[in-house]
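2 protein chains.
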Amino acid sequence: MFLNNAIANHLSGLQIPQPLLATAESENAPIILSGVLLTLILIYLSSKIGSEIARRLDLPPVLGELVAGVIIGVSAFRLVIFPEGGFTASDSVVMSVLQLLNQLSPAAVNSIFAQQSEVISVIAELGVIILLFEIGLESDIRQLKEVGVQAFVVAFIGVTVPFAAGTIGLMYFFHVAAIPAIFAGAALTATSIGITSKVLAEIGQLKSKEGQIIVGAAVIDDVLGIIVLAVVASLAKTGEVDITNVFILLISAIAFLFGSILLGGFFNKSFVALVSKLKTRGNIVIPAFIFAYAMAFIGNAIHLEAILGAFAAGLVLDETDARNELDELIKPVADLLVPVFFVTVGARADLSVLNPMIPENRSGLLIAAFLLVVAIIGKVITGWVVFGIPNINRLAIGIGMVPRGEVGLVFAGIGTASGAIDKPLEVAIIIMVILTTFLAPPFLRIAFGKTEAPVMTEESA
Amino acid sequence: MFLNNAIANHLSGLQIPQPLLATAESENAPIILSGVLLTLILIYLSSKIGSEIARRLDLPPVLGELVAGVIIGVSAFRLVIFPEGGFTASDSVVMSVLQLLNQLSPAAVNSIFAQQSEVISVIAELGVIILLFEIGLESDIRQLKEVGVQAFVVAFIGVTVPFAAGTIGLMYFFHVAAIPAIFAGAALTATSIGITSKVLAEIGQLKSKEGQIIVGAAVIDDVLGIIVLAVVASLAKTGEVDITNVFILLISAIAFLFGSILLGGFFNKSFVALVSKLKTRGNIVIPAFIFAYAMAFIGNAIHLEAILGAFAAGLVLDETDARNELDELIKPVADLLVPVFFVTVGARADLSVLNPMIPENRSGLLIAAFLLVVAIIGKVITGWVVFGIPNINRLAIGIGMVPRGEVGLVFAGIGTASGAIDKPLEVAIIIMVILTTFLAPPFLRIAFGKTEAPVMTEESA
Numbered sequence: 001m002f003l004n005n006a007i008a009n010h011l012s013g014l015q016i017p018q019p020l021l022a023t024a025e026s027e028n029a030p031i032i033l034s035g036v037l038l039t040l041i042l043i044y045l046s047s048k049i050g051s052e053i054a055r056r057l058d059l060p061p062v063l064g065e066l067v068a069g070v071i072i073g074v075s076a077f078r079l080v081i082f083p084e085g086g087f088t089a090s091d092s093v094v095m096s097v098l099q100l101l102n103q104l105s106p107a108a109v110n111s112i113f114a115q116q117s118e119v120i121s122v123i124a125e126l127g128v129i130i131l132l133f134e135i136g137l138e139s140d141i142r143q144l145k146e147v148g149v150q151a152f153v154v155a156f157i158g159v160t161v162p163f164a165a166g167t168i169g170l171m172y173f174f175h176v177a178a179i180p181a182i183f184a185g186a187a188l189t190a191t192s193i194g195i196t197s198k199v200l201a202e203i204g205q206l207k208s209k210e211g212q213i214i215v216g217a218a219v220i221d222d223v224l225g226i227i228v229l230a231v232v233a234s235l236a237k238t239g240e241v242d243i244t245n246v247f248i249l250l251i252s253a254i255a256f257l258f259g260s261i262l263l264g265g266f267f268n269k270s271f272v273a274l275v276s277k278l279k280t281r282g283n284i285v286i287p288a289f290i291f292a293y294a295m296a297f298i299g300n301a302i303h304l305e306a307i308l309g310a311f312a313a314g315l316v317l318d319e320t321d322a323r324n325e326l327d328e329l330i331k332p333v334a335d336l337l338v339p340v341f342f343v344t345v346g347a348r349a350d351l352s353v354l355n356p357m358i359p360e361n362r363s364g365l366l367i368a369a370f371l372l373v374v375a376i377i378g379k380v381i382t383g384w385v386v387f388g389i390p391n392i393n394r395l396a397i398g399i400g401m402v403p404r405g406e407v408g409l410v411f412a413g414i415g416t417a418s419g420a421i422d423k424p425l426e427v428a429i430i431i432m433v434i435l436t437t438f439l440a441p442p443f444l445r446i447a448f449g450k451t452e453a454p455v456m457t458e459e460s461a
Numbered sequence: 001m002f003l004n005n006a007i008a009n010h011l012s013g014l015q016i017p018q019p020l021l022a023t024a025e026s027e028n029a030p031i032i033l034s035g036v037l038l039t040l041i042l043i044y045l046s047s048k049i050g051s052e053i054a055r056r057l058d059l060p061p062v063l064g065e066l067v068a069g070v071i072i073g074v075s076a077f078r079l080v081i082f083p084e085g086g087f088t089a090s091d092s093v094v095m096s097v098l099q100l101l102n103q104l105s106p107a108a109v110n111s112i113f114a115q116q117s118e119v120i121s122v123i124a125e126l127g128v129i130i131l132l133f134e135i136g137l138e139s140d141i142r143q144l145k146e147v148g149v150q151a152f153v154v155a156f157i158g159v160t161v162p163f164a165a166g167t168i169g170l171m172y173f174f175h176v177a178a179i180p181a182i183f184a185g186a187a188l189t190a191t192s193i194g195i196t197s198k199v200l201a202e203i204g205q206l207k208s209k210e211g212q213i214i215v216g217a218a219v220i221d222d223v224l225g226i227i228v229l230a231v232v233a234s235l236a237k238t239g240e241v242d243i244t245n246v247f248i249l250l251i252s253a254i255a256f257l258f259g260s261i262l263l264g265g266f267f268n269k270s271f272v273a274l275v276s277k278l279k280t281r282g283n284i285v286i287p288a289f290i291f292a293y294a295m296a297f298i299g300n301a302i303h304l305e306a307i308l309g310a311f312a313a314g315l316v317l318d319e320t321d322a323r324n325e326l327d328e329l330i331k332p333v334a335d336l337l338v339p340v341f342f343v344t345v346g347a348r349a350d351l352s353v354l355n356p357m358i359p360e361n362r363s364g365l366l367i368a369a370f371l372l373v374v375a376i377i378g379k380v381i382t383g384w385v386v387f388g389i390p391n392i393n394r395l396a397i398g399i400g401m402v403p404r405g406e407v408g409l410v411f412a413g414i415g416t417a418s419g420a421i422d423k424p425l426e427v428a429i430i431i432m433v434i435l436t437t438f439l440a441p442p443f444l445r446i447a448f449g450k451t452e453a454p455v456m457t458e459e460s461a
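These protein sequence lines are chains A and B, in that order.
Position one of the first sequence corresponds to residue 1 (my numbering), numbered consecutively onward.
Position one of the second sequence corresponds to residue 1 (my numbering), numbered consecutively onward.
These are computed hints drawn from the structure, not numbers from a lab.
Source: prediction; values computed, not measured.
Zero decoy hints are in this set.
Any copy, or any two copies together, can satisfy a pair, since identical chains are not distinguished.
With a Cα cut of at most 20 Å, we get these calculated EDC-like pairs of lysine to aspartate or glutamate: (1) K207 x E325; (2) K277 x E52; (3) K269 x E325.
Please model the entire structure based on the sequences and the hints provided.
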C-alpha cells in the first residue's frame, strides 16, 4: 500500500494527501508565500525595466517584457525558473535564498519549489485570461462581424499554407518521416493571440480594420490550431485519426463562439440590471470576473482554450452600458497580472537551443532555418488574400499573424511527450517559436508605420 | 534511493521534481487551471451573495463573506475544501466535477487537488496582504502616532490579561497541565487585523480616533502575539525558552516597523519621482506593488508576518502625492483578491466541532465556553485603559480587539502538530476563534452606533 502510493506519487508527480502531510504543508505555507512574493517582485522589476527600455528604443513594451523574462529566466540568470525540463530547486536563485533564510532540507526545498512554480504558472495563466478579456472588451463585435469573412480567409490560408509547406518540405528536403513531419507542420499553424493583440493595443491599432482582422483571424486560427492538434495527436498515438473526436471539437468550438455571442444579447441587459442592484464593494468587477472566469472555464472544459472563453466574455460585456467603467476597473488588474504571463513566457524560453556549439543543436538549426522561413512567409502572404477592402495595410496583417508564442510550444511539448518527434526536430520547433515571437512585435510596429500610430494607449494607466 | 525519495515525499508532502514529472505536470496544467477557475467562481458568487444579504440585514458585508465561506466550505456543501484535516479529492465537489470532465485517475485527481488548493491558498494570502496594504494606505501615519501610546497600552493589556486569565483558569478550573494551558492562553492573545480593519472600513470608522487606536493596537498585538508564539513553541519543543530567538524577534519587529516608517520619508520622494518617469502601462501600480510585496517578503523572511510589511508599505505610500490615484487603482485589485481570503477563512472553519452529539467535542465545549468568556472580557476591558482622550467610544475599541481570526488558528495548528495540546483543547481553541471572529463584526457595528456611520465607503467601487 505504502509502496503503491509511492509509485503513484512518482507517476502523477504529486503526493496523496494525508493528515500527516497537511501539517507539513501548512508549516511550509509561509515559505511558499515568500517564494511567490520574491518571484513576483523579480517579475515586476524586470518587466518594468524591460518595457521602459523597449519604449525608449521605440520598440513594443511587450517585447521588453519578453526579453526581461529571458534575462531572469532559464537562459541567463536563472532567477525565475520552472521544474519543467528537469530543473530542481538547487538551480533556482529564489529557492537558494529561501533555503538560506529558513534552513530547509533538500526535500522540503524541492517541494516548495514545485508548489511556488505551480502558483506562478497559474497566475501567469490568469494573466493571459485577463489580457484576452481586456482585448475582448476593447474589440467591437460589430466591427469583427464586418471583417468576419476576411478574418476567416486569413486564418484558413495561414493554417493550411504553413502546414502543407512545412510537412512536405521536411519530408522532401530533410527526409523526415511522415508523422513527425506532420507534427512539425502542425506546430507552424496557430498564431499567438496574446502577443499580437498586446502589440496592437500598445500601438493603438486594435480598433483599426487591420487590427480587427488580425484579432479575428488569430481567434479562428487558435480554434483551427486546436483541431489540427487533436488530429495530429491522435494520429501520433494510434496511427489513425479519431474522426468523432475531431467532429465534436469542431462543433463545440463553433457552438461555443457563436452561442456565447448570441447569448450575449440576453446577458447584456441582465448584467447591467444586476450590477445596479448590488450595493457592496466590487459590484461591477466581481460579476464581470464571474462571467469571464465561467466562460474561460467552459472554454477549457470543452478542450478548447480558456483564453477563447475570456475573449468571448469581453466581447459580450463590451456591449453593455457598464463597459467604460469596467474598462477602467480592469486596467490595474491587467497591469498586475499580464506581465507575469509575458515574463514567464520569456523565462521559460531556453535560448541554449540556439547555440551551434552544442552538437545536437546543429541539425536542429538547419531545420529551424527552414521552419522559420515557412513560418514567416506562410503567414505574411495571408495579408494578400484579404479582398474587398481598399487601402488596407496587407503587410501589417501578414506580420500580425506571425508570432506563434505559447501555442507552438504546446505542440512541441506534446510531440516530444508522445515520442512522435525527436530532439533535433523539437529544438527546431522551439527555435521557430522563439524567433517568430520575438521578431514579430518590432516588425509589426514598423509595418503599421510610426506616423500612423500617435495614440499611446499604454500611457493611460 | 527510490524508497528514500518516496519517504521524503511523504514527509515533505511533495514530489522530487524530475524530468518525467514535468510532463505529467504540464499535461495536468489545463485541469489545475480549470480547478482554480471553478473555485474562484464559487468564491466570488458566494461572497457576493453573502455580502449583499449581510448588507440588507444591516450587518457588515465581511460577515456575509465569512458565512458564505462556511456554507460552501468544509462544514456544509464542501464545494471549496482544502487538503488540511485529511480531506482528499473525493471529498471535494470541484474535484468530482473535474474528474467527470477529464476521466482522471485517482492519483492524478489527488495531485490536482493538492496543487489547486495551494494556488487558492496563496491567492487568499495575497488577498490579505493587499487588504492590509489598502488599510495602510487609508490610515494616517500622523494620526497613528498621536494615538500610539494608547494603542500600545490597549495591545499590552489585551495580550497579558487574556493570556494570564486563560492559562491560570485552565490550570485551576480544568486541571490542564502547565504547557498546554500556556499554549491555549497564548492562542487568546492576538487580534485579527484583517477582520477588524475590514469592518472598520465598511462602516466608515477607519479614520476615527477609535478606528486608529484599534488598527494600531491590532498591529502591535500581532507583533506581541508572534513573540508569545515563539516563546510558547520553544517551550513546548524543548521545555525551555530560547531567549536569544525571542530577543532577535523583538528587535527585528521593532526595527522593521520603525525602520520602514523612518525610511518611508526618503522613499516617498523617490517613489513619486520614479512614477513620473515611467511611460508604460502600470506606471503606478507596478512600483507600488513591488514595494508592498518587498515589505511583505521582508516581514515574512524575518519571521514576522507578511501582512505587517504590507501595512507598513501602505502607511509609507499614503504620504506620497500619488496616494489618491493609488487608492483608486488598488480598489478593483482588492475587490478581486480580498474576498478570496475571507471566504476561505470561512470555508476552512470546521463547525462540526460545535456539535455536542460528537462525544469528543463535549469536554472541549465546556473549555471553549470558558475560553470564549476570557477572550471577550479580556479584550473588551482594553477600551477602559485608554486615557487622555475625552468622549471616546471605549466599548467599540474593546469589541474591535475581539476577533482572533487566522492568528488563533495558527496557534491551535502548531500546538496540535507539536503534540503540546490534546484534541479537546484544540477543539476549544477553534471554537473560541470561530465565535470571536463571527460575533465581533455585528457587535462592532452596533457599538459604533448606526447614526454615527453614514459614510458608505463600500459603495465607491
